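Novice: These are the residues of each chain, in order.
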Amino acid sequence: MGLFNYWAVIALMMIGFYTVIARNNLIKTMIGLGIFQVSVFMLYISMGKVADGTAPIRVQSEVGATVYSNPVPHVLILTAIVVGVATTALGLALIIRIRETYGSIEEDEILEMDQQS
Amino acid sequence: MNWQQLPILQVILPLLAAPCCLLLRRSRWAWGFASLVGCLAFLIAAKQLHVIHNSPAGAISYQLGDWVAPFGIEYRLDRLSGLVLVVVTAIAAVALSVSRRLLKGEVPEERHHLFFAIFLLCLTGLSGIVSTGDLFNVFVFLEIASLSSYVLISMGRDRRALLAAFQYLVMGTIGSTFLLIGIGLAYMMTGTLNMADLAERLTMTLGSVYGEGASLENPALPVNQTRTILAAFGFLTVGLALKLALFPLHAWLPNAYATAPTVVSTFLAGTSTKVAYYVLLRIIFTIFGLTFAFQQVGLQYLLTPLAVTAILVASAIAAYQADLRRLLAYSSVAQIGYLVLGLSFATHAGVTAGIVHLFNHALMKSGLFLVVGCIATRQSGLTLESIRGLGRRMPLTMAAFVVGGLGLIGVPMTSGFVSKWLLVSAALEHDRWLVAVLVLVGSLLAIVYVWRVIEAAYFQSPDETGSDEVGEAPVGLLLAAWVLLGATLVLGVYTDLTVGLAREAATTLLGGGS
Amino acid sequence: MSPQSLVLAAVVMPLVTAVLVAACGRRPNLRETVTLVSGGLLLGVVCLLVGSVDARPEVNVIDVIPGSFDRPAISIGFHVEPLGVLFALVASGLWIVTSVYAIGYMRGHGEQNQTRFFACFAVAIAAVMGIAFSRNLLTLFLFYEVLTLSTYPLVTHHGTEAAKRAGRTYLGILMGTSVVGLLLAILWTWQLAGTLEFRVGGILDGHVEPVTAGVLLALFAFGTGKAALMPLHRWLPAAMVAPTPVSALLHAVAVVKAGVFTILKVGVYIFGTDLLSSSGASVWLMYVAGASLLTASLIALTRDNLKERLAYSTISQLAYIVLGVALATRSGVIGSGMHIVMHAFGKITLFFCAGAILIAAHKTRVSELDGLGRRMPWTFAAFSVGALSVIGLPPVGGSWSKWFLALGTVEAGQWPLLGALMISSLLNIAYLVPIPLRAFFRDAPPGVGGDEETGGEAPVACVVPLCLTASGCVVLFFCADPIYQFLLSVTVN
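Keeping their order, the protein sequence lines are chains A, B and C. Numbered by the numbering used here, the letters in the first sequence go through residues 1 to 117 in order. Numbered by the numbering used here, the letters in the second sequence go through residues 118 to 631 in order. Numbered by the numbering used here, the letters in the third sequence go through residues 632 to 1124 in order.
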């Protein structure tokens, strides 16, 4: 069906979101966040597809009218991917520091340690 | 001097200055350079506001790379943008100029240049959000600002800053991603990312947006009545509510403000949520328009109850806090409730009240956090227990706190009174009695938590344990705090500037929407 | 000097005094001189303003809420009109007298923090001047809040746990009512009338339904916590922990009178007596005030602590003034205005005497006062005069104001309230007259007194003021007519 992509988007979004909320382990949270963001990338790219369109790269050898997919969503997604990479990198760096400081990366353990101090 | 390049200069200046700070290894040089950039940014913002005010269209427009809008990215500043930009850069300038003193003891000196680099990136992000007229650009700058804030917060001395930063990262990224989804859905239906163009296309019919040759079930349906656009609006609003710390999505704010370095709290308290509010105003009023948001979607039925709940619940929680910064953070959540309440009235008076309060509260809260910073330079404890008797040992500092506290309560002659007055008048204008009474009850709750601090500082005697060296705060810090809090008093009396500007901004917002 | 500058001077001068007092903290005699000199100057300024009342001069200081296309700006502004001038005269006149008394009291009692005391006193007087001369509700609200804040350090002066608790009650009730009641009422008024100015005949005429007017009046009456209308009266007895000069000036004169003055001014210049009487919006207030005055008198009977008894008496007398406003007849309003003056003098005398008794004999309870009159004849004589004024018997000033209030009830046809006034006067006799009687005609209990410290009168600095105010009560009896004429222009359109 033509809407398969969008169903996939929703599925991934919910899986990612659930992982973020329901998991204690900080790395798992980051993974969930990553999946969540990937679903959005898929959304953009899916919407950019023009029927019968090819990749939006101009090839010199081809002459005449060719149908390209919309390049703008691809551009937007490249930006968003970079942002996602930065976020993931930052998140992981924070997790490393948390591990160094607390000795654990389970959120409930960390909170307990904070309560005690 | 070519004033036309100012919009891009506002963003490029801190952006390029950030890596320069990385190169300036010495803390003193990095600080000096960063402060200079901060002051320059403020001057540019002030000049831009001046130009906007005098221009016939009431706005300045700049096209990036000379690509024509709506194909290219356009920077568009109208009165509201100008006002918010001035607030953001003013607080940045003040915070930067005193930052070195405040960082002592919180961030190791060899990391100061990194701190300033990230701070300037945050300023870039915030300036960019306010300056741009392109929706995706908003997302990009929002992420720049957010990522830098996560880093800034994590630099706090307390180890809880790390977890606070991480939680903020997770929640903030979810918010930004929602924003991204909303932008994507809106782009899908209209084909444009430029805010002004988007506003226009949303009111057109599907047929005219897609043109002939498109196979549509219902070409006469206006774009803003499609389910996709409704979903887009929903995602955008919720995403921004997370960034705005609107109850109940506020959980990240108290931890973040309480554990971050004091400079960071000072800066973020006055800017990050205010800029998110600005984006919300833009999206609701400029892009989607009054009719869509309040008649079709009925946003006020969601926002008004949430705002009132925020005011009451957050103020009540603030009254129970022992830590000063946490108290101020919950107070911020309550004040954000006031902001959103003004917005949700969807009248000229309500939006004016919201904008005036944006300005006033930014100055007040940053000033109050700066006072906490002053206290932190003299003693390590920042709880109500440890500030006992501080009114006698640090009279000027605590006097500044009293001024800020009176502003939060809304005592006449402070700027807080002006915004409360405008807000309650806006409520009464359309017979929203319960809301008006609840806003005033919120003031009462504010009295309670401000009173707890004043009582501890002035009416309780300090513990005997070695607090003899506590003298007045350093002069520079004190001066900066008084500048911000003195503005509370000045703007409580000379209200023409803020209220006049806010009224004009509100007219543009409400008139410009569909 | 023009009336405009005089009015501004009246408000600014006490503020300057406060700064000077704070600066002279190290030299008590200089500090006291500053207070006394400014008191004299202030009285002079206000007396000068008496002459310009007919012209009703006005001055605007600054626009606080800017105007928009449909509403004019709201400013901080002052004007001169009879009620305000009367109140200002009373307050400024009694400030000097109280300052003399306070100097004697504070030194006689060896009190701490005297600089803070006198400085806050000056700020409070500045706030009272601001309220008296306020031109619109916003100015009045501003100075009302300043008054609450500046009197807080005075109430909690002793710094004990009891004082702090009382301070919390004080601040809680006054600020709470002012934010949720008074501010809401002011905003609502602005919404209805488009302006907040005090004008002859009121500004609400034609803008408001009778029921709405009644609710709005309720917000004003209960929002003005300083008027101590029951059930929001708890702060007044709680504030009696303050030193006696504070109770005397502030809680017999300045703070409570500011409260009822607010209600009076609102009734006359915001609602207008015509609107109130024709719409019947204030009938409920008459009965609340009536109940308040009876209940407070009854409670006063049961109180043995002298200051507490006087506090409840004050609550009762304030309800008289609110009643006069609620009656909304000419006699009622004039009676209210007059009672502000008469009661101020009478009550301050009583409080001065209570303080003198505390200093000289260290007694606070009524049951302990037997036979004290022989050793403190001046004090108890003054007490008797003050008591007569509060009860309302000739030849003391209080009788005129009670007369006009009773006339007001007749004019409004409210016979039950006339009965309430009569009963209350009887109750006043019952709780006030026994005090000088016991002091003069009973013997002191054995074993009490006899040491040189408690022998004799209070210090001269305390006795002179209380004799002055007592004679003032008598003098006012003969001044009733000028006051009547002065106030007449308030109700005549």
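These aren't lab readings, by the way, just hints derived from the structure by calculation. Just so we're clear, the structure is a prediction, and the values are computed from it rather than from any experiment. Ideal placement from N, C-alpha and C gives every residue a C-beta, glycine not left out. Misleading hints may appear alongside valid ones.
What the hints assert, rightly or not - To give an idea of the interface, some chain B residues facing chain C are shown, with a C-beta separation under 10 angstroms as derived from the structure:
no.	residue
1	Ser503
2	Ala544
3	Leu606
4	Arg620
Novice: Look at each hint and say if it fits the structure.
Specialist: Hint check:
1. Ser503: violated (20 angstroms)
2. Ala544: holds (9 angstroms)
3. Leu606: violated (12 angstroms)
4. Arg620: With a minimum Cβ separation of about 6 angstroms from chain C (threshold 10 angstroms), the hint on Arg620(B) holds.
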